[in-house]
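Position chain B against the provided structure of chain A, taking the given hints into account.
The listed protein sequences correspond, in order, to chains A and B. Using my numbering, you'd call the opening residue of the first sequence number 1 and step up by one each time. Using my numbering, you'd call the opening residue of the second sequence number 1001 and step up by one each time.
Covered stretches of chain B (chain A as the covering partner; in silico rule of three or more C-beta atoms under 8 Å from a C-beta of chain A):
{"id": "1", "stretch": "1069–1078"}
{"id": "2", "stretch": "1100–1109"}
{"id": "3", "stretch": "1123–1134"}
Since the hints were made in silico from the structure, they are not lab data. Bear in mind the structure is a predicted one, so any value in this text is a computation, not a measurement. The beta carbon of each residue, even a glycine, is placed where N, CA and C say it ideally should be.
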Amino acid sequence: MYSIDVKAWYIAKKNIKEKLKNLGSMFWTVAFPIMMLLVYKLAFSEGTEEGMINGLTIFEVEFPGIVVYTIGMSSVTSAVMFAMSKIDGTLERIDSMPVSRGNVFLGAVISESIFMNLQLILVFGFGYGVLGAHFELAMLPLGYLIAMIFGIGCIGLGLIIASFLGSPEGANGIAMLTHMSLMFVSGSFFPLDNAGVFFTPQYWVKQVYLQLTVVGNSFTDLLYSGNIILPSSTASVFPIWSGILIILAFTSTFIFLGVKIFQKKTTL
Amino acid sequence: MNVSIKEKAQIKNSKPTQFFENGHSTEFIIEVRDLAKSFNGLKAVDRINLKIRKGELFSLLGPNGAGKSTTIRMLTTVLKPTNGDARIKDFSLIEEKNKIKPLIGVCPQENVVFGALTAEDNVEFVGRMHGMDPVEMKKRSKNLLEKMNIAGRKKPVKSFSGGMKRRLNLVMSLIHQPQILFLDEPTAGLDPQARRLVWDFIKDLKNTGVTIILTTHDMLEADALSDHIAIMDLGKIIAFGTLEELKSSSSNGNILEFSFSSRDELIQAKSKLERINNVKNISEMDNNKLIISFTGGVMTFKREILREIESFKALHFREDSLEDIFLKLTGRGLRD
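Pulled out of the complex, with its shape left as it was, chain A reads as follows (with noise of 0.2 Å):
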């Protein structure tokens, strides 16, 4: 086996590369979730008594579902990159040459990442700079490396649907499937009083990011206060680390079954 090393960042220029010429993948990368932020302000910015969660309106509420929104995106961006890899021979292209597969996923993960990086910084700087969202500052670098272990883990479900599927179109459908139906039962659009969306990692994404970036201020009592806001209101059930804990194993299993199965499914 070849080790990782620096053509793990090449393979990641090339994928950036890619993916900024490609208006489509730009379009959902980008424009999209902005889109998103914009509907939920005109539709839930005016909060009244009976509409507002803990003193903040719904979208001030439902500003860190669109965030899991953006970054679980990158779960269709990589399925559909890998399903493409797949078919169009850069995979047999890359296993006759001197890479380690090593550095094909961690050179997905780099590209995967500055992208993420990007959306991050668009939409809170849209959200929180333009839109209004509220937010405590301090635990704002928290919250974002939240965002992307949990964008990480979405690389590794792409994997995992890339291995499955033939084709890039097959790939993007599911993996878009995947994504919205994951979204809605966790109640990351709408809250949802359920005890499904306990299974969803976007759940937890979403409800640990609202603590840290919009409730909270401070992390310490956040860690030992219990205080998780359930989907639809605000008794607390589980501490916060829990659901840190939970994005972090979802990450772990994800990337790790995503490298295996893929690898499985892809060695001749």
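Structure of chain B alone, referenced to chain A:
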């Protein structure tokens, strides 16, 4: 198809079994032993043996589905063989494939290019994967792209014609100066002018000492470029040698191509031809055409068949070609 089973067996059995002597020779850069690949029980490559000399141009000739590309994919470390091994330079394909990868260049059958990138970006990506020095890489990239008439284009490769992409594919396989170059149908889909350019380029490349393994179903290409040719069919190597060796070992003699206006005409003529003593072999082709191999003088034979057959569209005498050899060995045309 009237191919002598005895003749076929002679050719099948003679050459391949002679490929291996005991021990490993430095004369041969590739030695393939009992290499096989099956997909879901279906044998795509069936225990082939080959020896390829350093610096030679070796062609694998055969119809689509013969197992040529599968063989190349195994030798380029992409596919894992189900049986056998190959020694490429000093390394085992099974045990030391990572040592083989830096030595080889691969131009796959499909154009594997990154459409959104420029030609330079595509070539340099491959160079980076081979750990090339950036200065040397840029210099060599420019030189190769110029030779292939695709230098200086700043547009994305997706705007290139099929032929330009094919040539870029070839440049990508050469950027790191491989010792062994695998070309899988390198001129497929090229116009005659571009094909000639690629042929000249391959010939020049051969003169630099690179060992080239080429797959093709184009007899002209194999004829024009090869030092040695292996004919593959149904996963097996059915004949091996230089063009002259192949022709002398399996020559049909002279060839007559006979075209008819209808199938009825063809059937009638075929039954008459089968009764003529000099006829060695008759193959029925598409478009109401018969390929007849015969012994003896052309003029005598022509007089004889014109006496027998009155109704036909055209007839044409020629020398035995690679396609005829293939036809004789397999009972099928190369494009069947």
